[in-house]
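**Q** Using the sequences and the hints given, assemble the complete structure.
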Amino acid sequence: MPSHSDPHAVRQRLIRLIHVAKRDLGQDDETYRAMLMGCVKKDSTSTMNAPELERVLERMKRLGFRVKRSRPLAQDGQSKKIRALWMELHEAGAVRNSSEGALASYVQRQTGVAALQWLAPEQASTVIESLKQWLTRVQRRSK
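Basically the working numbering = 1-based index in the sequence shown + 8.
In case anyone wonders, no lab produced these hints; they're calculated from the structure. Treat the numbers as computed from the prediction; the structure is a model and nothing was measured. Beta carbons: idealized from backbone N, C-alpha and C, even for Gly. All the pointers check out, no bait thrown in.
Lysine to any residue pairs mimicking SDA-like chemistry, simulated, CA-CA at most 20 Å apart:
#1 K76 to A110
#2 K49 to E60
#3 K151 to A102
#4 K50 to D37
#5 K88 to E137
#6 K49 to T39
#7 K140 to G101
#8 K50 to L22
#9 K49 to K69
#10 K89 to Q125
#11 K89 to N105
Per label pair, the in silico range of CB-to-CB distance:
#12 Q116 to G34: 20 to 26 Å
#13 S106 to K50: 29 to 35 Å
#14 D14 to A122: 32 to 38 Å
#15 G72 to Q20: 19 to 25 Å
**A** Quick look at the structure:
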């Protein structure tokens, strides 16, 4: 895991946050680049140093962006299996959005439980079986 004192890691984290902010604020490319120019006189985060990136992020926070703390992922065997099946479905074209949030939405629709780490073992087994059946149907159709 990169250290927060590593300048390259700090810069990459800021760039990722800025891109998340762009998406969350619903900025199109033209609006986003105009905001960058107005803030630091550069139109791409790839040419910015860390202090410039911090200024951009602060501007985006003033525009309404909120940094969300990420929830730790469930690491038990069943959760890993659920994630692996979800990614297989994504690679097969059956799942458009492979994100953890999309998976959590699917799990909630199936079980009423909002996060993988809160699933009881029986509920996780039910999700695994439904994903396996879905994958089997997708694979049969593609033959």
